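K.L.:
Each chain, written out:
Protein chains: 2
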Amino acid sequence: MINFDYQNPTRVVFGKGTIPQAGQLVKEHGGSRVLVHFGGGSIKANGVYDGVKKSLLAAGLEVVDLGGVKPNPRLSLVREGIKLCREKKIDFILAVGGGSVIDSAKAIGVGVPYEGDVWDFYTGTAVPTKCLPVATVLTIAAAGSETSWSSVITNDDGAYKRPLDVKVIYPVFSILDPETTYSLPDYQTACGIADMFVHVVERYFTTVKNVELTDRFCEAVMKTIINNARRVLDNPKDYDARAEIMWCGSLAHNNLAGTGRVGDFASHMIEHELSGFNDVAHGAGLAVIVPNWMKYVYKHDLARFVQFAVRVFNIEENFHNPEETALLGIKALRDFYTSIGMPATLKEIGIEEKDFNAIAEKVKKFDTAKGTVGNFKLLVNSDIVEILKLAK
Amino acid sequence: MINFDYQNPTRVVFGKGTIPQAGQLVKEHGGSRVLVHFGGGSIKANGVYDGVKKSLLAAGLEVVDLGGVKPNPRLSLVREGIKLCREKKIDFILAVGGGSVIDSAKAIGVGVPYEGDVWDFYTGTAVPTKCLPVATVLTIAAAGSETSWSSVITNDDGAYKRPLDVKVIYPVFSILDPETTYSLPDYQTACGIADMFVHVVERYFTTVKNVELTDRFCEAVMKTIINNARRVLDNPKDYDARAEIMWCGSLAHNNLAGTGRVGDFASHMIEHELSGFNDVAHGAGLAVIVPNWMKYVYKHDLARFVQFAVRVFNIEENFHNPEETALLGIKALRDFYTSIGMPATLKEIGIEEKDFNAIAEKVKKFDTAKGTVGNFKLLVNSDIVEILKLAK
Numbered sequence: 000m001i002n003f004d005y006q007n008p009t010r011v012v013f014g015k016g017t018i019p020q021a022g023q024l025v026k027e028h029g030g031s032r033v034l035v036h037f038g039g040g041s042i043k044a045n046g047v048y049d050g051v052k053k054s055l056l057a058a059g060l061e062v063v064d065l066g067g068v069k070p071n072p073r074l075s076l077v078r079e080g081i082k083l084c085r086e087k088k089i090d091f092i093l094a095v096g097g098g099s100v101i102d103s104a105k106a107i108g109v110g111v112p113y114e115g116d117v118w119d120f121y122t123g124t125a126v127p128t129k130c131l132p133v134a135t136v137l138t139i140a141a142a143g144s145e146t147s148w149s150s151v152i153t154n155d156d157g158a159y160k161r162p163l164d165v166k167v168i169y170p171v172f173s174i175l176d177p178e179t180t181y182s183l184p185d186y187q188t189a190c191g192i193a194d195m196f197v198h199v200v201e202r203y204f205t206t207v208k209n210v211e212l213t214d215r216f217c218e219a220v221m222k223t224i225i226n227n228a229r230r231v232l233d234n235p236k237d238y239d240a241r242a243e244i245m246w247c248g249s250l251a252h253n254n255l256a257g258t259g260r261v262g263d264f265a266s267h268m269i270e271h272e273l274s275g276f277n278d279v280a281h282g283a284g285l286a287v288i289v290p291n292w293m294k295y296v297y298k299h300d301l302a303r304f305v306q307f308a309v310r311v312f313n314i315e316e317n318f319h320n321p322e323e324t325a326l327l328g329i330k331a332l333r334d335f336y337t338s339i340g341m342p343a344t345l346k347e348i349g350i351e352e353k354d355f356n357a358i359a360e361k362v363k364k365f366d367t368a369k370g371t372v373g374n375f376k377l378l379v380n381s382d383i384v385e386i387l388k389l390a391k
Numbered sequence: 000m001i002n003f004d005y006q007n008p009t010r011v012v013f014g015k016g017t018i019p020q021a022g023q024l025v026k027e028h029g030g031s032r033v034l035v036h037f038g039g040g041s042i043k044a045n046g047v048y049d050g051v052k053k054s055l056l057a058a059g060l061e062v063v064d065l066g067g068v069k070p071n072p073r074l075s076l077v078r079e080g081i082k083l084c085r086e087k088k089i090d091f092i093l094a095v096g097g098g099s100v101i102d103s104a105k106a107i108g109v110g111v112p113y114e115g116d117v118w119d120f121y122t123g124t125a126v127p128t129k130c131l132p133v134a135t136v137l138t139i140a141a142a143g144s145e146t147s148w149s150s151v152i153t154n155d156d157g158a159y160k161r162p163l164d165v166k167v168i169y170p171v172f173s174i175l176d177p178e179t180t181y182s183l184p185d186y187q188t189a190c191g192i193a194d195m196f197v198h199v200v201e202r203y204f205t206t207v208k209n210v211e212l213t214d215r216f217c218e219a220v221m222k223t224i225i226n227n228a229r230r231v232l233d234n235p236k237d238y239d240a241r242a243e244i245m246w247c248g249s250l251a252h253n254n255l256a257g258t259g260r261v262g263d264f265a266s267h268m269i270e271h272e273l274s275g276f277n278d279v280a281h282g283a284g285l286a287v288i289v290p291n292w293m294k295y296v297y298k299h300d301l302a303r304f305v306q307f308a309v310r311v312f313n314i315e316e317n318f319h320n321p322e323e324t325a326l327l328g329i330k331a332l333r334d335f336y337t338s339i340g341m342p343a344t345l346k347e348i349g350i351e352e353k354d355f356n357a358i359a360e361k362v363k364k365f366d367t368a369k370g371t372v373g374n375f376k377l378l379v380n381s382d383i384v385e386i387l388k389l390a391k
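Residue numbers (numbering that gives the first Met the number 0), protein chains in the order written: chain Z, 0 to 391; chain W, 0 to 391.
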């Protein structure tokens, strides 16, 4: 285990019927003029928007709307939001939606008190030290942004997708009502499941030794996702299964699973450029990339892949042939993704071999001098292209 | 899963060599005149006291000492601490030690800004709304008080031991350096292990259905405790095992394991009165009580006890005789406690049958009208006496 400094201050208000608490919670956390940030029409169709609005107005708060967040949220709308917040003297941002809406709200939150261009924070040119308080009403279990310090924004200019990880953007509170996810299309539910699973995978595959508790915590989250994925797809109104999936989505990405270890995150960086390239859903892109990333890197620590197979997918270990066990684990993940309707190939999501080099070039490198991404195994552009070829 | 409102704001600074950060962390969190609260001489013998003191003084802080906290911390010293803080205009309390020291510091923290008697908070006569900031340098992995909202104090007058659970007493930060635990006597290490294990047991045995993620999280913590208990006792300077045990101690009691479910806590309430009665170490008392509590209540939800046996102790399930499997799980816990040197009977810890009724009478009842304690199965005084008889 390596040293760590962990704090997750987000307050989670979880369960059915919790949305009417929104107004009171905003007030408790110091808000008076609130930007309500959201995406398309789904929260208007399912009543969540009305419920939130009613609660805010009943609490005597001033409210300004900003809708229109798209999946892979755009920098242009973030800039519009920053301008709007300044004009209206907004002191609190309430994101109502999924990860894209929350990430966009966080970007607006750090942009408002900053004199420069908010994109500086995403290119690493500057580090935010202040943020308007951001809170969330979650309606999609997926990104984990509701309890994370992460925000990922796509720059319309060149379609680069870049992450920001910083303490000041932890939401002050998040309302998680599993019933808000009843009306999601199956494909979106499945994309969310694919995404949250990979948030754990990225932390699980580490080169740090002696990390038993966090290994087992990761396995707990992955097993629970697998067991409940089938249930929510079979019966979208299974409250208990929706609740398990929703809490998994948060705990997959609230950093607890990463304490004392170094995560990988190469698959995320590769997928970001797929989404940046043709707007594929993040979870679908991950479902294509991750099993192929695994095939490419598993020999780097065979024992860890055997552990994954045995503990997460209950594969009976072949003690005489650990490689077989490891590969059965990777196949089980592939089969799991297929079983929930996720694509298996880049072709299915409209990405062709002629684009592989351009995508590899764009991937954000952790070590810019050496041009590498990931930590479990350091990947250079040629490795990324090989992974994309396995996935084609 | 039931609705919940969860927040744990404590910042955890974890790992070897982290104690020199103490002074800077106190400053960052607003402290200037610091009460350093501790127990006996062990932190002076192992260098922790000197390291903390050096760091605080290097950061330019004013420091006032208050040592002498005993296991099962006393109300009399809390009162002395409150008086001292007021006299010296203390604005920050740094607890250096284990759960007793931290619990005492939290009690002082809520007592200073309160006009009445601090014991009011422990009898439930009043609820604290303010607390001096409390932080910790942990030196015993056990109570989990370093990231919990709990404090347990013993009233010298009549030896009542009472808990307080309230958000304002979460530590603002906690420094966890596993090396500080190298010098603990084996018996104290084992008592800590027994205690943290029961913090999970108390949450695991719930009547709430459909709590898969938190079940698996509880199992992750319990399995990690079991696997590393042997290692730290075989080799007290095994850093990795000490680190696992230390992080388990915090996560066992930081309330995450209890989200969406109702814990039991009857065993804790019964044990508190054993400790109050003759100052037995809390962990040792729990090691005696819990397996016998299990024997008394297992029929109330046999399936949950089968799950405990299979998942936590890897007992092979007898599908034709689930009761046998459940009882093997309880026996495995008893054997685990014995293997780490914990007592198995009340006789070993100096408690006799003639005292059983008096102890049962003293146990804090959750429902004072009905006189019951616990949630998994509601226990009245006669049930408590039966459990004590099983344990005699």
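Bear in mind the hints are in silico, worked out from the structure with no lab data behind them. Quick caveat, the model's predicted, so the values are computed rather than measured. Where hints are given, some of them may not hold.
Identical copies go unnamed one by one, so any copy, or any two together, can satisfy a pair.
[Said to hold, decoys possible] Straight-line Cα separation of at most 27 Å, DSSO-like style, residue types lysine-lysine; simulated pairs: (1) K53 with K391; (2) K364 with K43; (3) K15 with K43; (4) K15 with K208; (5) K208 with K222; (6) K69 with K52; (7) K26 with K166; (8) K236 with K208; (9) K391 with K236; (10) K129 with K26; (11) K129 with K166.
K.L.:
Each hint: holds or not?
P.N.:
Hints, one by one, checked against the model:
1. K53 with K391: neither (48 Å within a copy, 60 Å between copies)
2. K364 with K43: For K364 and K43, neither the intra-copy (39 Å) nor the inter-copy (48 Å) Cα distance is at most 27 Å.
3. K15 with K43: within (18 Å within a copy, 52 Å between copies)
4. K15 with K208: Between. Shortest inter-copy distance 16 Å satisfies the 27 Å Cα cut-off; intra-copy 40 Å does not.
5. K208 with K222: both (22 Å within a copy, 18 Å between copies)
6. K69 with K52: within (21 Å within a copy, 53 Å between copies)
7. K26 with K166: Result: close both inside a copy and across copies, 22 Å intra and 18 Å inter.
8. K236 with K208: For K236 and K208, only the inter-copy Cα distance (17 Å) is at most 27 Å; the intra-copy one is 41 Å.
9. K391 with K236: neither (35 Å within a copy, 50 Å between copies)
10. K129 with K26: both (20 Å within a copy, 19 Å between copies)
11. K129 with K166: both (10 Å within a copy, 25 Å between copies)
The structure does not agree with the numbered hints 1, 2 and 9 stated previously, though it agrees with the rest.
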